[in-house]
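Q: Residues per chain, in single letters:
There are 4 protein chains.
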Amino acid sequence: MTELERLREQLRDFAAARDWDQFHSPKNLAMALAVEAGELLETFQWLTEEQSRKLAPEALAAASEEVADVLLYLVRLSDQLGIDPIAAASRKLLANAEKYPADKARGNSKKYTEL
Amino acid sequence: MTELERLREQLRDFAAARDWDQFHSPKNLAMALAVEAGELLETFQWLTEEQSRKLAPEALAAASEEVADVLLYLVRLSDQLGIDPIAAASRKLLANAEKYPADKARGNSKKYTEL
Amino acid sequence: MTELERLREQLRDFAAARDWDQFHSPKNLAMALAVEAGELLETFQWLTEEQSRKLAPEALAAASEEVADVLLYLVRLSDQLGIDPIAAASRKLLANAEKYPADKARGNSKKYTEL
Amino acid sequence: MTELERLREQLRDFAAARDWDQFHSPKNLAMALAVEAGELLETFQWLTEEQSRKLAPEALAAASEEVADVLLYLVRLSDQLGIDPIAAASRKLLANAEKYPADKARGNSKKYTEL
Chain C
764 MTELERLREQ
774 LRDFAAARDW
784 DQFHSPKNLA
794 MALAVEAGEL
804 LETFQWLTEE
814 QSRKLAPEAL
824 AAASEEVADV
834 LLYLVRLSDQ
844 LGIDPIAAAS
854 RKLLANAEKY
864 PADKARGNSK
874 KYTEL
Chain U
764 MTELERLREQ
774 LRDFAAARDW
784 DQFHSPKNLA
794 MALAVEAGEL
804 LETFQWLTEE
814 QSRKLAPEAL
824 AAASEEVADV
834 LLYLVRLSDQ
844 LGIDPIAAAS
854 RKLLANAEKY
864 PADKARGNSK
874 KYTEL
Chain Y
764 MTELERLREQ
774 LRDFAAARDW
784 DQFHSPKNLA
794 MALAVEAGEL
804 LETFQWLTEE
814 QSRKLAPEAL
824 AAASEEVADV
834 LLYLVRLSDQ
844 LGIDPIAAAS
854 RKLLANAEKY
864 PADKARGNSK
874 KYTEL
Chain S
764 MTELERLREQ
774 LRDFAAARDW
784 DQFHSPKNLA
794 MALAVEAGEL
804 LETFQWLTEE
814 QSRKLAPEAL
824 AAASEEVADV
834 LLYLVRLSDQ
844 LGIDPIAAAS
854 RKLLANAEKY
864 PADKARGNSK
874 KYTEL
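These protein sequence lines map, in sequence, to chains C, U, Y and S.
Take any residue in the first sequence, note its place counting from 1, add 763, and you have its number in the working numbering.
Take any residue in the second sequence, note its place counting from 1, add 763, and you have its number in the working numbering.
Take any residue in the third sequence, note its place counting from 1, add 763, and you have its number in the working numbering.
Take any residue in the fourth sequence, note its place counting from 1, add 763, and you have its number in the working numbering.
Be aware that a few hints might be false.
If several chains are the same, the list does not tell them apart, and a pair holds so long as it fits within one copy or across any two.
Below, simulated DSBU-like cross-link-like pairs (lysine-lysine); rule was C-alpha separation at most 35 Å, straight line [as the list claims (entries may be wrong)]:
no., residue 1, residue 2
1, LYS855, LYS874
2, LYS817, LYS874
3, LYS862, LYS873
4, LYS862, LYS874
Keep in mind the hints are simulated off the structure, nothing from the lab.
Based on the sequences and whatever the hints tell you, model everything.
A: Now the structure itself:
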């Protein structure tokens with residue numbers, strides 16, 4: 764079993780033991796994930812990019828907790844949708860490599876539609 | 764190498780080949796992740812919870828793409844912060860099990876502070 | 764002076780008195796607004812739509828605070844960008860009326876591209 | 764009638780003509796607002812703070828459209844909740860003035876709990 768599959772199983776057991784499947788509709792899980800993404804964003808609020816590259820230990824611990832929350836909801840949502848997140852990410856990475864050829868995209872943050 | 768470590772390596776190579784490390788500050792990556800979380804949320808906009816549990820194939824494909832984007836930015840952000848997302852998620856799951864004991868949380872969606 | 768103009772002036776004074784213009788770049792303000800939108804969303808997390816239509820007093824007070832935060836950052840961001848939010852909203856409303864003709868959109872939550 | 768009250772009335776008419784009240788639960792409107800906040804954030808993605816202070820005309824027009832969307836959903840959500848957003852924002856501004864006294868907060872972006 765891969766590491767994400769193990770998380771998926773643990774989250775299934777967690778929800779089953781609490782009878783939480785009723786709350787875990789994909790709509791609700793996508794909301795929960797967005798809430799956590801907002802909390803992760805908050806960690807970097809008012810910091811400069813430079814400061815965000817060298818977080819103080821407490822800020823790093825806070826960011827780490829929010830990363831965990833996002834991942835947990837992502838795995839749970841994927842499970843409820845019947846999606847394999849790793850396979851989806853691998854496909855996306857291939858698509859991105861085509862949209863952003865290295866020679867055109869080098870040192871450039873423009874969207875592929877503007878390259 | 765685990766599957767997330769492989770994604771991490773691929774994303775490192777992807778960014779290096781395009782000289783994108785300059786744009787990939789944790790602050791910017793957290794922004795990008797929040798943008799994708801918003802796009803994921805949009806997939807479920809105006810749907811009922813029931814409808815979100817049985818998506819049409821096109822909606823499912825759209826959700827799958829956004830799940831992929833969130834995961835890719837999450838892995839990249841974790842790398843830039845020096846965080847192990849699986850270890851963080853496992854710790855969080857243990858903490859949640861303490862905050863939400865099965866007997867108190869059963870069938871209840873209240874926050875742990877209100878249980 | 765309209766009510767939003769008055770808020771705009773108060774926010775200018777607030778920032779000036781604290782020397783906060785340095786932090787109030789449009790990028791940072793858009794981040795702050797997204798963080799507050801996430802907190803607003805959290806108010807409705809795990810509620811059914813029906814429950815969200817009749818919030819308990821504490822939940823309503825919490826939602827009200829987050830609505831306030833979103834509005835304050837929206838006014839401040841508009842000021843920094845030189846945008847008139849009311850004029851922009853009025854234009855958008857007209858555009859929406861064209862995209863969603865009442866007879867085609869009645870009782871239908873589909874996106875205009877799918878009507 | 765103030766300008767936000769006029770928007771509120773226009774949005775009521777808009778929804779009534781399309782029989783959209785059924786979709787406009789506070790939960791759904793908060794989701795819609797978060798989606799638009801994400802699109803607003805996207806306008807600034809990969810820009811430096813400096814660049815965000817002097818947007819190109821097309822980027823400014825895009826930001827302006829998203830500001831409009833956020834405001835429209837904010838007014839509609841407030842109406843469905845029975846909240847007066849201007850009154851809520853004024854109260855919040857007073858509370859913030861107490862939490863962030865000018866002499867302590869000057870030139871400092873720390874959260875009030877850390878001042």
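Q: Hint by hint, note whether the structure agrees.
A: Comparing the hints with the structure gives:
1. LYS855 / LYS874: both (15 Å within a copy, 25 Å between copies)
2. LYS817 / LYS874: both (27 Å within a copy, 19 Å between copies)
3. LYS862 / LYS873: both (11 Å within a copy, 29 Å between copies)
4. LYS862 / LYS874: Both: 9 Å inside a copy, 26 Å across copies.
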